Each structure stands twice: as C-alpha cells, then as structure tokens.
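> Spelled out from the first residue to the last, the chains are:
There are 4 protein chains.
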Amino acid sequence: MPKLAYLGPEGTFAEEALRILAPDAERLPSANVSAALDAARRGEADGAVVPLENSLEGGIATTLDELAWGEPLLITAEVLLPVEFSLLARPGTEIGNIKRIFSHPAALTQCRGFVARELPDAVTIAAPSTAGAAQEVALPGSPYDAAIAARIAGEHYGLVELASGIGDRSDTVTRFVHVTRPAPLPEPTGADRTSLVVFLSDDHPGALLEMLTEFAVRGVNLTRIESRPTGDGIGRYFFHFDFEGHVADARVGEAISGLHRVCADVRFLGSYPRADRLSPQIKRGTADADFAEAAGWLARIRTGQV
Amino acid sequence: MPKLAYLGPEGTFAEEALRILAPDAERLPSANVSAALDAARRGEADGAVVPLENSLEGGIATTLDELAWGEPLLITAEVLLPVEFSLLARPGTEIGNIKRIFSHPAALTQCRGFVARELPDAVTIAAPSTAGAAQEVALPGSPYDAAIAARIAGEHYGLVELASGIGDRSDTVTRFVHVTRPAPLPEPTGADRTSLVVFLSDDHPGALLEMLTEFAVRGVNLTRIESRPTGDGIGRYFFHFDFEGHVADARVGEAISGLHRVCADVRFLGSYPRADRLSPQIKRGTADADFAEAAGWLARIRTGQV
Amino acid sequence: MPKLAYLGPEGTFAEEALRILAPDAERLPSANVSAALDAARRGEADGAVVPLENSLEGGIATTLDELAWGEPLLITAEVLLPVEFSLLARPGTEIGNIKRIFSHPAALTQCRGFVARELPDAVTIAAPSTAGAAQEVALPGSPYDAAIAARIAGEHYGLVELASGIGDRSDTVTRFVHVTRPAPLPEPTGADRTSLVVFLSDDHPGALLEMLTEFAVRGVNLTRIESRPTGDGIGRYFFHFDFEGHVADARVGEAISGLHRVCADVRFLGSYPRADRLSPQIKRGTADADFAEAAGWLARIRTGQV
Amino acid sequence: MPKLAYLGPEGTFAEEALRILAPDAERLPSANVSAALDAARRGEADGAVVPLENSLEGGIATTLDELAWGEPLLITAEVLLPVEFSLLARPGTEIGNIKRIFSHPAALTQCRGFVARELPDAVTIAAPSTAGAAQEVALPGSPYDAAIAARIAGEHYGLVELASGIGDRSDTVTRFVHVTRPAPLPEPTGADRTSLVVFLSDDHPGALLEMLTEFAVRGVNLTRIESRPTGDGIGRYFFHFDFEGHVADARVGEAISGLHRVCADVRFLGSYPRADRLSPQIKRGTADADFAEAAGWLARIRTGQV
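Residue numbers (UniProt numbering), protein chains in the order written: chain A, 1 to 306; chain B, 1 to 306; chain C, 1 to 306; chain D, 1 to 306.
Think of the hints as simulated: they come from the structure by calculation, not from any bench.
What you were told as hints is all true, and nothing was included just to trick you.
Here chain D is said to cover these stretches of chain A; the calculated rule only asks that three of the stretch's residues, wherever they fall, bring their Cβ under 8 angstroms from a Cβ of chain D:
#, stretch
1, 182 to 189
2, 245 to 254
3, 285 to 297
Here the structure is a predicted model, which means the values were calculated and not measured.
Think of the CB as a built atom: it goes at the ideal place given N, C-alpha and C, for glycine as much as any other residue.
Between the sequences and the hints, there should be enough to build the whole structure, so can you do that?
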C-alpha cells in the first residue's frame, strides 16, 4: 500500500484529490506543499499530491517553483477537483455573530462576494490552509468565529456548516497532480499530457516566439503556459508548459528535443493521462506513423536511393 | 497636493514605493490592494500605488486581476523597489525566545533560509501584510513574538530590529505601479513601457503564437508575459503583456491595433516611463519616421503615382 | 479609341488576349515584349498587352524583369487565355514531308510529345514568336516546312491547319496583363489582385520568411511568388508577388507598407480585377471595418479614454 | 574514363563547365538539356552537365522541370562559370556589314545594350544554343552574319572574334550541375549544398510560410527558392529549394523529414560540395553534436531518468 504525502491537515481539498487519485493509499499530511514534496523526495512517502493550478487563482507558485528548482520529481497523474466552499463554525455559533473569519487567502478571495453580502462587518484573516483554519476554529477559545473550508474539513473537526456553496463562482476547479521520485513513466493512453519547464539561454526579444514555434512546427498543442520569475531581477522569467501528448510520441519527442537544443535548460516534469480524457487533434503529418515513414525515407535518400 | 492610496498600514513596502513615486503626496493607507484601487476608482484618492510583480514571487495576482477585470485604471508610473527584510520584535525580546513569527506569506517564503537556519523551532503564521504583522506584534499581549517586515515598519511601530537583510536573496525587487482613473497619458520619453491585457477569441492551438507574431512583426519587444486564468475552467487563460515603447509610437499603435482586431478583447493599461530608463533597440524599419514615410508612399501608390 | 501595343505580328496569342481585354482598341503589333512595353511608356500606345505567366512554362522572364526594372507601368487588367496549338503549313504540304518545324521555344516545348510521336524525324527551330513563325513559313521559299502557332495565325497568313490541339496538355493557360503608364487605379471590385516587386535589404537567412509573415499577419493570401535573379551574382534574388485584394483594402495597405518599411525597395505593379472573379476569404479581424474600428479604438486609448 | 553528356555542340558554355568539373571525361554533346539528361538516364553516358540557373536570366526552366518530373537523377557537383560573350563572324566580315545576328535568346538578351549601341540596324534571330549559332554562322552561305557565343565556340568553328566581353554586365555567372543516376552521395565536406523539389498537399494560404518555417526552426539557411508551375493551371506551383548543408547533417535531415511529412511529395535532388566553398553559419543548438546530445537526453527522460 503506497504512502502519499499531501497538504494537510486532514480535511483539505488535497486530501479529497488524494482519495480520488489513490483511494487505497496511506495518507501522510504535511504542513505545506514543500514539506509534502520533500517527504516524497526523501522517501518518507512514495509520492505526493499537490495543487498545480486553480481555475480562479492560476498557478500555485510554490508547486511550480518546487518542481522547477527542487530535486526532480515526476508527475504521474492529475485530477480536476471542483472546489466548493462552506462557512463552518463551532456548534452554537449564529451567523449574525460572526466577526472574524479565518481561511486561506485564495479561499477568502473566492468567497469575497458572499462575505461582502452576508457578513459585511466581518474581517477576514489569512490562514495557511483551509483545513488548518477549520482545525483552529474548532479549538475552544479560538479568536476566530468561523472558517471557510471544504465541507469535509467541517465534518472532520466537528464544525457546523452554516452555509455551503459560498464561492463567487460555482464552477471553480483545482488541478492536483500526483508526483513521485523519478521512475518509469505511465504508458501512453492516447489522451495524455506532458509538462515541462524551460529556461531561456538569453532573454532576447522573440525568444518566447521561438519556443512556441518549436511546438507549432511539430503540431504539438499547448494547454498551459505560465511565466515565473527566475529570481534574477524583474524581467527575467522561465516558463512552465503543459501540452497535449506523451513524451513517447514522436512529435512530442522532436519538439522538446528542439527546445533542449536551443534553450539553456529544459526540465521534463512527466507525461501522464489527462484527467479529462480528451484526445488531441493530430495535425496532418505528425502522427507516429508519419514520423516513422519519414525516417525510412530519410534513411533511403541518405544512401542515394531516390 | 494629490492623495494616493496604498497597501497599508504605515510602514509597508508600498509606502516606500509611494514616497519615491510621489514624495509630496498625501498618503491614504488601505486594507488591501483591492481597497487601494477602489479608493482611486471612487475618487477618494487621486490614485493608488500597488505592487505588480516581484522578482522572486512573480506577478501579484490580485493586482493583475483587478487591473484586468475591475473598473478601468491607467498605470502612469512605475518604480523598482529593492526588498529588504528585517526581523522585528518588541523591545526586550531575545532572538532565542522567538517561537511564533508573523508576516505576509511572500515574505515568509523569501526568508525561509534564515528562519530554518537561525530559528529552526519557530513556526510562521501568515499575515495580510508585512507592516500589518509589525503592527500586530507591537500590541502588548500579541500572540506573536516577531514580525518579518521592512525596517521602516519597525521604526513606525516601535519595534527593535533583531536582524536585517534576512531574505534568501539580497537582490529581490518589487515593481510598484502608480495608477489613476483614465486621464491623458504621460508624454513619451523615449524609454517607455506599455501594459496590456488580452483576451483570446477562442483558445485554438497557436493563438498565443499569433499574438506574439503581432508584436514581432512590428519590432515591439515584450518585457513580460503572464497568463492568468479567466475563471472559466482549467485551460482558459488571458494574458498580461508589458512591452517596450509608448502607445503614441507608431509601431506600438499598429501592433496593439492588430491584437485588438483579432482578439476578443484588449484592455490598455497605460504607457509610462520605464523605471530603469532603458531605451529600446529599434528594429530597422519600425521607427516613427519609417511608418510616416511608408504612409506617404502608400497614399501615393493608392492614387496610381508609382 | 485607345491604342494598345502587343507582341506581334498579327495572329499571336497576345492579339487574342488583347481582343478579349479591349475589343474596340486599335492594335499596334510590336516586335517583342520589351518593344510593346516601350511603346506604352513613350506614349506611342495607350497601353500594352503582354504575357505574365504560363501554366506550363511559368513566369515570362522578360515581362517580369521589364516590370521590375524598367520605367514604371501599372497593371490594370488581366485575362486567362487557353493556349491551343495547331500545326500550320503552306497549302499543298503533306504532313509526311515536314522536316523543319519553326515556332517559339515555349510552344515547341509544349508540343514535344506530338512532334516526337508524329514527326520523329523533324527538327525544331526556335522563332521569336509563334505568329512570327507562321508569317515566316508563309513566305514562298521559306526554309521551314511548318509552324506551330495559334489557329488564328494560320488564318491570318494563309496557312493550312494540318493538326490542331497538339499541345501535350489540353488545359494550358497563359495569363496576359494590360499595362498602362501610371494613372488612377481601377476601382476595387471585391475580387481583385495586387502585384508587387520586392527587393531585399540584405539576403540574410529568414528574409523571405519575414516577408511572408508581413502578409500572413494581415491575412493577405499570396497567389503567386516568383524569385528572379537581381543580376548581382548567383544567390541574389528579388521577388514578384501576386496576392488577393486591392491596395485600397486596409489589410493590403498595411501589409505592403510593412514590406516597404523593412525591405530595400518595393515597387507597386497595380491592383486590378481578377480574371476568375474569385472573392477572397477574409480572415477574422482583417476586413476594412475591423481596421476602421481598431483605428478608432487606438485614437481613444491614445488620449487616455479606456 | 567517365563519359558525360552536355548541351552541345562543341564550344558551348556547358562544355566549358564540363571541362572544369571533369577534365578527363569523355564528352558526349547532346542536342538539348533533355537529351543530355536522357543520355545519363539511359546509361549512354555516366552523367550529364547542365545549366541550373543564370545570375541574369534566373532558373533554367527545362533543367528545373526535368529534375522535378523526369526519372530521378542526383546532383553530385556544381560549378559557377563566368559567362563572357563574343561577337563572332566568318573571316572577312566587317562589323559595319552585320545585319543578322544569331544566338540563343538568353545571350541576345544579355547583350541587348551592345547590339543597340553598336549594331542598331541589325536584327537578332533566336538559335537553340550559342555554340549552335556559331556552327551555323560558320557554314558558307549562312543567312546569318554573326553569332554571339563564347570565344571557345569561335575558335572551334573557325570564326573571327570581332568584339569580346559584349554582355551588358561583366559579372554574369551560370551555375552548372553534374548529375548522375542514383548512387551513393558525395561525402559531406563542411561546405555543402542540398537541392530539393517540394510539392504542396494543397495550396492553402500560408503553405509556403509553413515550408520555410520547417527550415528556419532547424537553422537551415535557404540559398535559392524558385516556384514553378505544376502545369495544372495558373496559380498552382511547386518549389525548388537549395539550402546550406548536407543531407547527412542532422539539422538538414530533420528539416526535410518535416517537409516530407507535411507536403504531398518531396524529391531529393542531391547533396554536393558548394562551388564557392562557403561554410554555413551554424545556428546555436543545430550542430550534429547538439542533435546527438538531445537524442541522448530524450532517450533518458523517456525512461523516466530526469
């Protein structure tokens, strides 16, 4: 039975994601994303489940930077988890008496409309995680009156759900990924995604255009691009790319080999089945069979057989 | 004397930025970035000073999203502020007794090395701002032992600086911008930057490549690109662009008109002097004089004068 | 009644083209393409009708080079003329006795199959024009036994048609253009073509790609590209382009202004109705209305109205 | 001793080219370019030397079309031959008496200035080759008074050189190629050229841009591009490309494999040493070593070693 680290404490969305990705796994709650990834790196866990991006908040900076700069890990699976927020309080609390709301800043942002409308006099205080906020609120004598978190967190810590579905948007989704230490990759399924980090050799105008052209020429469709600062001053970025296909696909292999040749560094983050099971539209001439046929043709003409 | 809103309370980096950008302005501290921008929008202030990106943390999501989705504002100036963190505590506190450190999550991340090395047993707690953390720590009976914030915050709230320059990197910089309600733009200086938000018509493969080509063909160099989720589900993004030049420049005007024609929406965020005073390298054939000469040529051939 | 020069003598395909383009014009036969164009330039004629390209032979080098280097002329109309060849001889000649065939080299090439099959022992001799060959063959005592030319030439010079439709392909077409001295352009019809000559600033790798991108970015579709040597040594070329649209169209104007800015020289050769009346597929965002709307938007944001 | 066919009769520029390319070869004069190539195809000769392009006239259509459509042949060498024209006549002819000048149309075009200036009353008549014109002029009772051809042709046929260097430009060059039946290719020399013919799948706007991008992305520099009609009507073209490098080079192999995948057909015409011995500028990341290193990297990440 594998053991997987995740952003704890119990009751987080990460725990929900983990239960979907690996229902039978032993769960190891960690204090934060870095700790969960370190547990996987050091072998205290067989892997970790961490958030990569949120449809409202964007990329999760800590995860993106850990995957780019930390000791290498491989993404082996993903899940898209609908995010539903509840207002949770100790039994006996009345909604009209809530003055101090505790939650993760992303959750506070996503529930801004509800708070402004229903609790206009309350102040919001930032917590390290939504489940952590629930845990804290559950303590007798907590300075906070309510938490915003997943319903599961309320159940876990014995809180009452005063309101549910309080996010400003009902369709918010967080994408979680399952990462492991380097190991053989998941087999191609025909509906895969590959993730990559690219560092530019220099930051000349047009460098990003050149990178995108390496993908376009081989018919590889990007699904996400995110720039992150390298830390070397304003204006210096590296890039996270997600794109359709598996590194075992010829077109993907050639495209990222091209990036590897012309960029300062490319870090492969894994090829894994897409959670949405969407198969890519293969552009004419870019299927594996096309590459194989072209390789045969090239071998022939190189020996003068035309 | 103009009045400018900023992320308060007194002692934040935003206040430092404001003092540089507008030394004589009256200062209106706000609870958060959104509140500062709203003060400018509603006319309670003449403008606001807010962080846009940090060389370590990347784009400031709230600012980016407010500028993209909120009532329109224009960037009229920018400043690059070196970020130096100090460990601040109430007089009499000994460093060995610090168990609970309060600060903004970005500051906690940037000082992770120092904390792990010097205060391995301390826990860190997220605060809404670095200055707010200092303010809180200064209260008698505060549950927190120390704050990580700018030195200026310590001075302001009567805290002692136990350590300075405690960031993991000594060269971290935050870029702050001065925004106002729509108004005549700053004059071109020859070393300007323009900011833009672009929403795609549809998310077809190659859409980003097409956008970048609109810039490249007119010789306009990008200095920042940042994707942000539209909120409509994983995989749907819009883009923030910063690039060299002023919207009054012919090449910039033609490039962004091209984007406006082919994209669902383009929001202009302003043209303003670059803080680093770097003049752009003008590609052959893209100076204003080249555009003017070409316009004259086109007018002639359209009347059959060849 | 306008007077038009053409590649004579009477009976050439050029005469046929002229009769279609300008049925009522007075016709001035010229010795060759250059002479016809010079007649138009010097005012001896009001214009000229010359071949520009042939579906089998390609661009007509003399015409292309005259339009590129000679005193400027404007194309005002085009016609696509099916080319049908006949074997023509003096009355009384038997096909079995034909030993020497006279015609323009292009015609000889296009009838190679017929000659090899039906007249394997005959030799072919190059003539300056197909009609000129017919004229020569018609002379008593001509050293040539037969001409390959248009049927009309045979009728004109009193020759007998021994075989018709003898071209190797039945669908050969020559494109003729009507040129005049610089004058107001034909009005846009919605199905127009524009012709251009472009000289590169330098011959760096990628220069052609850059030119094509100027067209592609504005959604202007090329219909013909032809490289021609500049005369300055092997490897130095200039380019003829034909593309969809009229120079009065905003997208065409911007595209060729872009070329004008970045290339050493651009010579406009005219905008005129397409012979095939095909309307272009207008790419999203590139109609005149789109350009006008974008210009209005740009004017507004330049004054700070966002 | 190899036997090579060439455009005869003796005294042509093609013979000069052949003597440079293969001084010891037996020479087989042919009536025209097609005949010379057919002699090579049928084994009557071991190869052929034919003109491919001229710095003044452009591509030699017959050669280009024969290489594209005829039974496959491979280019194994090239030579750049300066073209100098002389005015040649029978002994005793005075220049003032020359009324009829016989030569190949290309030569007549290239000497147009001299003829207009020095022999304004003479007419020019098209011959199948310059040396053939000299041969004809040498016949007693020839209807022609003079030929324009290479000096060598005059020497060969006993003509007197009345004027030399009579071309309008002194620097005209013709590029001749040595072709053979398919056979092992010449070894790479580090300063090679590769020739190719490409047929488009369909003629959509942007197809040419896509082809050029296949080259550009792999850092392969084009040295010649020529469109030729497919014969299927005006507006249908195929393309001849010459570019730097040898098909054995990794970047060349990947680029033309890409073309092969996305185009209807690609015909390889050979890789051979450049006559000018110019080595290519290798773009960063496109040397063979870069491709090999990238292949190793790809193999590793495909097994999950990151």
